[in-house]
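> Fit chains B, X and W to the given chain S structure using the hints.
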Amino acid sequence: MKNAIGLILNIDCEDPSLKEFLQHRSLSTLPFGGRYRLIDFTLSNMVNSGLSHIGVIGSNKYNSLVDHLGTGKEWSLSRKTQDLSILAGANSGRLGHKMKVNLKDLQNNRDFLETASGEHVIISPPNHITSFDYRNAYEIHSQNNSDVTLIYKKDDSTYHLHDDDIYLDLYNKRVSSIYYKKEQQTNYFFTEMLIIKKSILIQFLDLCECTGDWDLMDMIAINLDTLRVFSAEHTGYLKRIKTLENYMKASMDLLEYDIMRELFLEKASIHTKIKDNHPSIYRDSSSVSHSIVGSGCNIDGTIFHSIIFRDIIMGSDSQIKNSIIMQKCKIGNHVTLDYVVMDKDTKISDYTTLIGKPHDPIIIKKGTVI
Amino acid sequence: MKNAIGLILNIDCEDPSLKEFLQHRSLSTLPFGGRYRLIDFTLSNMVNSGLSHIGVIGSNKYNSLVDHLGTGKEWSLSRKTQDLSILAGANSGRLGHKMKVNLKDLQNNRDFLETASGEHVIISPPNHITSFDYRNAYEIHSQNNSDVTLIYKKDDSTYHLHDDDIYLDLYNKRVSSIYYKKEQQTNYFFTEMLIIKKSILIQFLDLCECTGDWDLMDMIAINLDTLRVFSAEHTGYLKRIKTLENYMKASMDLLEYDIMRELFLEKASIHTKIKDNHPSIYRDSSSVSHSIVGSGCNIDGTIFHSIIFRDIIMGSDSQIKNSIIMQKCKIGNHVTLDYVVMDKDTKISDYTTLIGKPHDPIIIKKGTVI
Amino acid sequence: MNTECVAMLLAGGQGSRLGDLTINNAKPAVLFGGKYRIIDFPLSNCMNSDIDVVGVLTQYRPYILNNYIGDGSAWALDQIQGGAHILPPYMGQKGGKWYSGTADAIYQNIDFIDNFNPEFVLVLSGDHIYKMDYSKMLCFHKAKQADLSIAVMDVPWEDAHRFGIVNTDEEERIQAFQEKPAIPKSNKASMGIYVFSWEILKKALQEDAGNRESEHDFGNDVIPMLYESNKRIYAYPYSGYWRDVGTIQSYFDANMDLLDPYCEFDLTDRNFRIFSNNISRHPQFIGPEAKISNSLICDGCIVCGQVEHSILSHDVRIHRHNILKNVIVHTGAIIEDGAILENCILGGRARIKGDVRLIADELESVPQIHVINS
Amino acid sequence: MNTECVAMLLAGGQGSRLGDLTINNAKPAVLFGGKYRIIDFPLSNCMNSDIDVVGVLTQYRPYILNNYIGDGSAWALDQIQGGAHILPPYMGQKGGKWYSGTADAIYQNIDFIDNFNPEFVLVLSGDHIYKMDYSKMLCFHKAKQADLSIAVMDVPWEDAHRFGIVNTDEEERIQAFQEKPAIPKSNKASMGIYVFSWEILKKALQEDAGNRESEHDFGNDVIPMLYESNKRIYAYPYSGYWRDVGTIQSYFDANMDLLDPYCEFDLTDRNFRIFSNNISRHPQFIGPEAKISNSLICDGCIVCGQVEHSILSHDVRIHRHNILKNVIVHTGAIIEDGAILENCILGGRARIKGDVRLIADELESVPQIHVINS
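Residue numbers (this note's numbering), protein chains in the order written: chain S, 1 to 370; chain B, 1 to 370; chain X, 1 to 374; chain W, 1 to 374.
Isolated chain S (complex conformation) (with noise of 0.2 Å):
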């Protein structure tokens, strides 16, 4: 993998469900998992393949992304070898048509790209939730000699969909076209990764400066005869967080035991920003079952089939169920929690009770008091 470059691209999410959680950061540092962001993902499976020029493209709201990656030490990439490079992504303002991968983003990085040395691209977006091995992928691109390589996953009935998921015809591995509605019999979804030539990568932005259409995935499917287009499968499990309910399925995919296992035991580590938190307390009366809980947790209280993050506080005689507590709540006495997902820093005072419904759970944004 010496011979590649990764890079993360930055998603606007226009999802309103999500909104309420992207005002203050980007989709890619959505906390996640009891204690991850959703780019630790993506950049943990790149590191794990063994890629060590990364890059990653960030928002205007860049805060949150740059504290959390640092310089990449938590991934064990290193400032020296300068490993890990955050992006600015192009300020140019949004264009009509939803991008996949807008190459304006390139464009305003062609210095990384130019200079970091690889002949091939690996590019994912940040939201991805799955423990996935790049080198298969490469090792298919390489033999075949690919200008441009698509991961694409079998459609099964119980995958979710989203609208603007694009399908693919493959002949022989090779792929035959590209579709962006589900027009025919086609059950091979394109998962939004793809390896691509460099060379042919800097053709396209040379391309677009001229043409104004800035879409690689169009560019890709325009010049599908010319170019070697080869596909690769993607075999795990694996989810795209676009919408809440997305958010919800694939946090509560963790407490089943096979899911937790394939994504953080069986191959490489997740790694995250490391938070020296002592280690949770469970207090007396608590009574905590089939849950994900992080570290630095106090917890006086029933806890069930929920997603508790770091710092929680939790005080006693109350119940919590089927939530998504993120870091550094505060819960009170008496509080009763079910379908409820909270932003972190927020307080539920004594005697609450909320109530969502599972497809409608009730959200507290970040930094409220109730």
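Keep in mind the hints are simulated off the structure, nothing from the lab. You may find that some hints are simply not true.
Quick list of in silico lysine-lysine cross-link-like pairs, DSS-like style, CA-CA up to 30 Å [claimed, not checked]:
hint : chain 1 : residue 1 : chain 2 : residue 2
1    : S       : K104      : B       : K328
2    : S       : K198      : B       : K104
3    : S       : K198      : B       : K275
4    : B       : K198      : S       : K344
5    : B       : K198      : S       : K61
6    : S       : K328      : B       : K366
7    : S       : K197      : B       : K328
8    : B       : K198      : S       : K197
9    : S       : K328      : S       : K239
10   : S       : K104      : B       : K347
11   : W       : K142      : S       : K2
12   : S       : K344      : B       : K61
13   : S       : K61       : B       : K197
14   : W       : K136      : B       : K267
15   : B       : K100      : B       : K328
16   : W       : K97       : X       : K202
17   : S       : K344      : B       : K104
18   : X       : K142      : X       : K185
19   : B       : K366      : B       : K347
20   : S       : K61       : B       : K275
21   : B       : K330      : B       : K357
22   : X       : K97       : W       : K97
23   : B       : K198      : X       : K136
24   : S       : K321      : X       : K202
25   : B       : K197      : S       : K198
26   : B       : K104      : S       : K19
27   : S       : K2        : W       : K136
As the structure is a prediction and not an experimental result, all values here were calculated from the model.
Chains B, X and W in isolation, oriented as in the chain S frame:
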């Protein structure tokens, strides 16, 4: 100084003479003095004065700032105790009135201000070349139980002033009036460094939310009668970089041994990002005098009265005089440069002669090949 | 380079009374309270006291300790100048010498201390659990114009015979020392924390090094020598939680103190944090049938059984149908389906079969603590 | 944790033939080429060879070395797992033992190596100046299915008697060893760089440790033993710049090689960088009357005199009216107005008065090198 927070502002430099240098970077990361960036001086001064919580507000071109500062390790700032925070300024577009301290930038980072422990905030712009110990001013601030302490300098005729300078009238160290133009016979001008009680600053932020007036200096001027506003003198060397002329002058000042000594040898060190270059190689036919030279250079020509940054390659039979050559420039053989400022990564081909004027140097943009 | 005060942390001891817990590991690196190691406490105290040069004297099996301390960044001890420095015994031109006593360890590193040109040297040991702001002790030392200040605390009179006891006058100046006295004259016990004026200490160490009779120990040799030569020795009074964890029983008890909500020693206090060099692990997975109460649990644990009044370090796996009570489990131990454990310390990577039953005998007044190693 | 290859870097030597340069400092930490220390070369080689676990065996005055290596981040050796590990001699339950030879040093750290469960162990020494991609040697080792591979290079026949010489067959398998032979059978000299299969090495070290006759040295004991037991020992041919800097003369010459534009050893090569643990200093200030040619100069220097064919480390002050020629100046030395120096090595913080004249005797064929210490 445990009770104070440092805050380094983002300055949007609008002077056209520096425009070419600021297309890809903020003023704070303009290269200076052979190996530094402007912000190194203010940041090092704050660290050397004992501040251990420092916020740096970045612009939209934050790549260079993030890359340069990392987690602050080179300035002895620890990631563990979150000593350094890189903050996003307000993205609200610019207001008509050019402000000294745009409170919107601070409003956007109220979280940082409110959670950082410390009752006073030391505010400074990022474009001062000085070796300054804030401890004296802080002492004065504490002894007088001041709400605000403005740091001023006595104006002598040699000093380079700017159109937008602010002047102070002092009465027993207390600030009795604040002028935007040099209307009266005062010879104290405000250095744009100040210390303010955090509680007052937060009050101003609340007030601005209502009034829509967002310049901290206006707020202080308006409330001069009700606030305890004191002054502290800055006595050493100070240059503020706002124009190319300032930049050239301050750069060439370094060639005066006494100024160099004051900035680099007498007091605490100015820190910067460490680059691991080989020692500079002076070849057989090189002749270098009265210059500042960074590491990693490979010099085979004549250099006089110039600032040579890191990683410069210079061919034989070439001459550089009165020039500033930023990092990674390549200068061929038989080249003559006089009064030239080369931005980083530029190349000059063999047999080129470029001669600028003392007050109108030739500027060569980043990445140019001549 | 000038630093007012350099801390020297004695971390060379084997801690043989901790038995199996120190076979491969120096005592200061033994796990405590789940995720901490004993040395976290003095190191965090340094950090909270703004002491930023710490020499750590190692000798016995230092590998885990060295790795753990690293560049000191976990305790914000990674300044450009200053920081944490590991000081093993070394060979000089005239051959090498192991550290033969606490005073000898400092003596052999006089050059290191002189590098920083300090006025004061703080001598600490790496085997106590406590929180202390050393800067206050330093202030006391300066105010008294002392040559040596010794931190002392009141112990119950009936325990005084187990400690080094000091007698002081009204000014806190020490008038007499008694080492584990049969008939103690006071209940002020030395905590093994010393602030020396470096000039005085340096001279004393050099003198002591030349003394063939000496065992080169602070308590037995150097301090009595200073006392006899009429140096100004003061007792800095400390009150608060402080535990020596030198035996299995005291180690077990101090761990269990953390589970007592009324114990004054508070790991959650944000104003005086105990830092540690964290490893990154997934969050705790608490299974559907788990039952946890009154326990401390670290990241990376998977708990599917019943855990009561226990402390689980990182990466512990508790399968189903277990009962753990008063158990301290070190990193990576696995407890299979059905085991029942009480009053145990499980060493790192211990593996407990499902048929194991270790239940305290109700008849004994102090239940025996089982130590099970990997 | 599984790592294919662990590097063990022998950095315990005093380097007594370097005289005053190693009074307070181990040889691997001696400055070289202005800003580098000798150990930078093997550490940077590791980094350029993608070897990311390096054990550094220290013994003689390791303080500067320990501080310099720190967490290894200067050589990008600060991964979460892996990185640079300093391994001093230590005390175990049965007391302590100094490293009594190169093989003994590795023997005492078998546990450390086993932690990483490697297939291969690369043994390096910390006193050679060269660039080498060890991953190629590892490939060679694997391709030959060797038990041990030794890097060798062709030396001039007339020098062969000063080296350990190996004879190989056409497959590069070693057929004979000659230690400093009067009549060398080949000119292939061992460079002291070994790749062992760990299983073989571990067994050999254990056997050697039990042998009372042995001096526990790789060259004299362990390798002959492996050879006699018919192990597959191959010679990995290397060609390129390689210098032992074990004497003042060879140290001086290798430094001066850096000033030779035709020397194949190139510090400026971006594809194989030599890293070092940089200190932050102001840029070089070159005074109005300075004259510099054919020299290497580091940050923090203030040069106001004449410097020719010389190497200045950090923070050197050269006042006016000086002439320096063929001089190596270590960190912080000051040369006052008017001194004239030729063929000198100035130790760190040396202070040269203005009336000093040290000029090489033109009659001597090899000018004497003056070593002036602080």
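> Each hint needs a verdict: does it hold in this structure or not?
Here's how the hints hold up against the structure:
Annotation: proposed proximity of K104(S) to K328(B) holds, straight-line Cα distance about 27 Å (limit 30 Å). For the hint pairing K198(S) with K104(B), the CA-to-CA distance comes to about 41 Å; that exceeds 30 Å, so the pair is violated. Restraint check for K198(S) and K275(B): satisfied, since their Cα atoms lie roughly 27 Å apart, inside the 30 Å limit. Proposed proximity of K198(B) and K344(S) is supported: the alpha carbons are some 24 Å apart, at most 30 Å.
Proposed proximity of K198(B) and K61(S) is supported: the alpha carbons are some 24 Å apart, at most 30 Å. Between the alpha carbons of K328(S) and K366(B) the distance comes to roughly 45 Å, so the proposed pair goes past 30 Å and is violated. Of the pairs offered as hints, the one joining K197(S) and K328(B) holds, with about 27 Å between alpha carbons and a cut-off of 30 Å not exceeded. Between K198(B) and K197(S) the CA atoms are separated by roughly 52 Å; this puts the pair beyond 30 Å, and the hint is violated.
With a CA separation close to 26 Å, the supplied pair K328(S) and K239(S) stays within the 30 Å bound. A C-alpha spacing of about 27 Å is found between K104(S) and K347(B), which places the hinted pair at or below 30 Å, so the restraint holds. This hinted pair checks out: K142(W) and K2(S) have alpha carbons roughly 21 Å apart, not beyond 30 Å. Restraint check for K344(S) and K61(B): satisfied, since their Cα atoms lie roughly 28 Å apart, inside the 30 Å limit.
Between K61(S) and K197(B), the direct Cα distance comes to roughly 27 Å. Compliance with the 30 Å bound is thereby established for this hinted pair. The suggested pairing of K136(W) with K267(B) is violated, with an alpha-carbon distance near 49 Å, which exceeds 30 Å. Only pairs whose Cα atoms come within 30 Å are accepted, and K100(B) paired with K328(B) is rejected, the gap being roughly 34 Å. Restraint check: the Cα-Cα separation between K97(W) and K202(X) comes to about 28 Å, which is no more than 30 Å; the hinted pair holds.
Among the hinted pairs, K344(S) with K104(B) is consistent with the structure: their alpha-carbon atoms are about 24 Å apart, no more than 30 Å. Distance hint between K142(X) and K185(X) is fulfilled; the C-alpha atoms sit about 27 Å from each other, no more than 30 Å. At most 30 Å may separate the alpha-carbon atoms for a hinted pair to count; K366(B) and K347(B) meet this at roughly 9 Å. Of the supplied pair hints, the one linking K61(S) and K275(B) holds, its CA atoms being roughly 29 Å apart against a limit of 30 Å.
Pair hint K330(B) plus K357(B) holds up; C-alpha atoms about 22 Å apart against a cutoff of 30 Å. A C-alpha spacing of about 10 Å is found between K97(X) and K97(W), which places the hinted pair at or below 30 Å, so the restraint holds. Under the criterion of a C-alpha separation no larger than 30 Å, the hint pairing K198(B) with K136(X) is consistent with the structure, at around 27 Å. At most 30 Å may separate the alpha-carbon atoms for a hinted pair to count; K321(S) and K202(X) exceed this at roughly 63 Å.
Straight-line distance between C-alpha atoms of K197(B) and K198(S) comes to about 52 Å, which puts the hinted pair past the 30 Å bound. Distance restraint check for K104(B) and K19(S): the Cα-Cα separation of roughly 22 Å lies within the 30 Å cut-off, and the hinted pair is therefore satisfied. Proximity of K2(S) to K136(W) is assessed by CA-CA distance (about 16 Å); at most 30 Å being required, the pair is judged to hold.
Hints 2, 6, 8, 14, 15, 24 and 25 from the list above are not met by this structure, while the remaining hints are.
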